[in-house]
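Colleague: Chains as they are written, first to last, in my numbering: chain E, 2 to 139; chain B, 1303 to 1474; chain P, 660 to 1317.
Hint data in this document are derived by calculation from the structure and do not stem from the laboratory. Yeah, the Cβ is synthetic: ideal placement off N, Cα and C, and Gly gets one too. Accuracy of the hints is not assured; some may be wrong.
[Said to hold, decoys possible] Here are some, though not all, of the chain P residues that point toward chain E, as calculated from beta-carbon distances under 8 Å: (1) Lys-1042; (2) Val-1045; (3) Asp-1178; (4) Gly-1182.
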Amino acid sequence: MNKSILIACLLSVSLCLHAAIETYQFDSPEQEARFRQLGYELRCPKCQNQAIGDSDAEISGDLRAEVYRMLKDGATDDEIKEFMVARYGRYVLYNPPLDKHTLILWFGPAVLLILGGIFVGLRIRQSKKALEAGESQT
Amino acid sequence: MNRLMVWLPLGIFAILVGFFFKGLSLDPNEQPSALIGQPVPVFELTDLMTGERLTREQLPRQPFLLNVWASWCITCQVEHPYLTQLSKQMPVVGLNYKDTETAAKNWLAKLGDPYALQIFDPTGRLGLDLGVAGAPETFLVDSNGVIHLRIQGEVNDRVYAKKIQPVLETIQ
Amino acid sequence: MIPEIGHFALVLAFAVSICLAVFPLYGYLTSQDGFCATAKPLALLQGFALAVSFGVLMYGFLTHDFSVKYVADNSNLDLPWHFRMSAVWGAHEGSLLLWALILAFWGVAVALFSRGIPDHMSALVLSVMGMISVGFLAFMLFTSNPFVRILPFAPGNGADLNPLLQDPGLIFHPPMLYMGYVGLSVAFAFAMASLISGQLDATWARWSRPWTTVAWAFLTLGIALGSWWAYYELGWGGWWFWDPVENASLIPWLVATALMHSLAVTEKRGLFRSWTLLLAIAAFSLSLLGTFLVRSGVLTSVHAFANDPERGVFILGFLVVVIGGSLTLYALRAGKVSEPGEFAWISRESFLLFNNLVLTVMAVSVLLGTLYPLLVDAVGGGKVSVGPPFFNAVFVPLTAILVSGMAFGPLAKWRKSDDPKLYRPLIVTLIVSVLVGLGWPSLLAGSYSIGTAIGVTLALWLAIATVVDFQKKVGLYGGLATTLARVEKGMIGMWFAHFGLAVMILGVVMVENHTEHRDLRMGVGDAQRLGNYDVRMTDLAVINGPNYVADQATFEIYEDDQLFKTVTPQKRRYNASGMVMTEASIDSGLTRDLYIAMGEPLGDGDWAVRLSVKPFVDWIWAGAFLMGLGGFISITDRRYRQKFEVKKGEASGEEVPA
């Protein structure tokens, strides 16, 4: 891989935007699918906002190689993610696990939908009463 | 109820503004190392200069800087004079990262070799275990071999004064 | 000398915008018509000044005036002329100028097309737009001036435009997107004007409805163009990345979509007035917030603030004034509107409330995910990333909920709509869509995908329900021609938009679940089977472009041993920046794209090559195009061209003293 690309990335933490295309051989389509999924969930620690599966930064290539090696050695997805977190921190997880820091993130939308639903429900009930009142008058 | 609810958007916005104001002083790209408070990982590599076997037992027994560098890294050249100067105060251990022996040696011959030790890591294995994302990176390690700080990018007097020195004072 | 004319025009525009912000408002508050009457001429003058300023900057690019720093940073002697034009908005300063120009353009449009609106109202609207303009132009002049010169030693050549942006997509994407973003300022200004005047009945909704719809249509097309550009230019074949930049456009889009629907209720029934006002404020506020957050680096980038804290504080101050000010006014005025209205559980009002609920939750969720890393960091929780897995997990089920309801809304009647006969056509719709949806994945290669079955069912459910509604209207009006002539154009627009969404969903479901994708080592003479095609690499060559050198591979694609097509993907290295770009070759088709991109050279003349078959991917953008088209059709309605009249008591209007 081209060193000058890496340097460009390092100097500016810029977008290293070109396809990460490699020719790994897999034991099975399932393994390949897992490789892709991990490439999509792990974040490149040096790029602006890219998964390692999409990034052509040198570090992403290294991390993909590591993911590939671990997959071949029979590691589970969780083991691979733990390995990465131990070295690069939670930052590398695009799919942050549920913990005290991500409670609002993961439950926020559902809570909002329920609260909003209750609010809308109350609102409609009010209007329905007004409708019935209006109908009974006429 | 309606009269109170209409203030809610403003309240939410006010809270967001507070966060944004805090965010102005935060750098979204700064990543503290995941290895803070942990020992330097186990490794078994060679010394670039002597070719002898190197393990973490041979690291200095006093606070030192572990500088990740490579001959292909431009910023490393920029910070090299400063590291050379710094090496008079405290040991600087080099981690030659994903480089070739010849290129690395030529680079040191040209620019000078201030390093107390020079770990040769051509595959980047130790770099990966250290959570290195690229060169240069510099770790501050205490006398027990525990990592206290990681600097991504250039080390200069500003970075030293602002980041390294405060931590160094606590571990000396 | 010429750049100074542009600079002067910018300063003039700034001065004019201050007058525009102050005079009409003063005129309104003191009931002096003379001051109100300045609004339209000032809006026109501001538009003219910014057009001059923009024209001068473009002239600088076209004539290679590298004494202008912005030109030197973003252009090059070798850059083709059409990219020199789009380079005007290729970086921070210039894109702000485009923003300001478009804002002024919308102001001109309001000035010209608001003859039916009472003068004091259009004066207030233009005044509010003038205030926004003041903020923007001040930001430009004090922190991001595109006319800064490098004198006396101008460089002989420029640093070149970012190669990513050297693409026809970039010529159209930002202007379209900004037309949408900034267009939302009109609805915002109408909302503010009605809050200032205290005239909170439904009339403002009728006035701002066409403006909102047209801004929404531009935003839709702008986002779609951006997605399409990312698909073929970024080089790995994705079409949406949940990047903060993209989210910053999606969030206002979602809110604007909610606003369009809510405006319909407010206009027709005089209901949800305070909610509609809030949506109008939120849609534009979020587009401001998004533009600024992204442009200034709080979320994404590189030490922008460490180097230039002034810029960040300025931006935040501007947001506080505009958004904080409008929300305060909202809280003070809108609380007095009480409006239970009269409608039943099952009614068009209820369905539209449901629509607004889901769209709002979607928008807030995307905002939450986008801001979350900042929020956690600010409370000392360290660095977390929120990426596509989160957004998909939240967005996909919400879309499913939304689409399930979308079939009912158009069939339902206002007030009360619990007659089961109305919904009878949906029984057939349900049966057909479920049967076809469940059957669909078994026609495809590979294992059965439940996700595809559900997705296709939803897409069909929406598409068929839309057609059913259309047919019903045709039956009602007696014939296609009379229907198209007599039905409200907004209705036709809705059919297009809803059908477009169905088309888009089908595309998304297919490309996400059934993309065939292989990364291979290939050299000249190698052949690979890809779907129903054989792909053979026949040549490798080095090509000299105007400002780049490219490795170009030639692939012949065979279908049943017949040569179907020859394509030439490239790997380009741009001379000025040294940046490497992948130019993928895409053969687009109705049911699939063939996607071929070059990776890295692997030695011995072999290259890593990516071959993909992307089923129905173009349906995503076709669907978005139909949606945008629907928006433009809506505003051709005759009633928008008639003189608007304030009919007292038509909608349950109540006046709040100003």
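Colleague: So, for every hint listed, does it hold in this structure?
Modeller: Evaluated hints:
Evaluation of the Lys-1042(P) hint against chain E yields a held restraint, the C-beta minimum of about 4 Å falling below 8 Å. Given the 8 Å rule on beta carbons, the hint for Val-1045(P) holds: about 6 Å separates it from the nearest Cβ of chain E. Using the Cβ-Cβ criterion of 8 Å, the hint placing Asp-1178(P) at the interface with chain E is satisfied: the shortest such distance is roughly 5 Å. Given hint, Gly-1182(P) at the interface with chain E, is violated; its Cβ is 12 Å from that chain's nearest Cβ, farther than 8 Å.
Of the hints listed earlier, the one the structure fails to meet is number 4.
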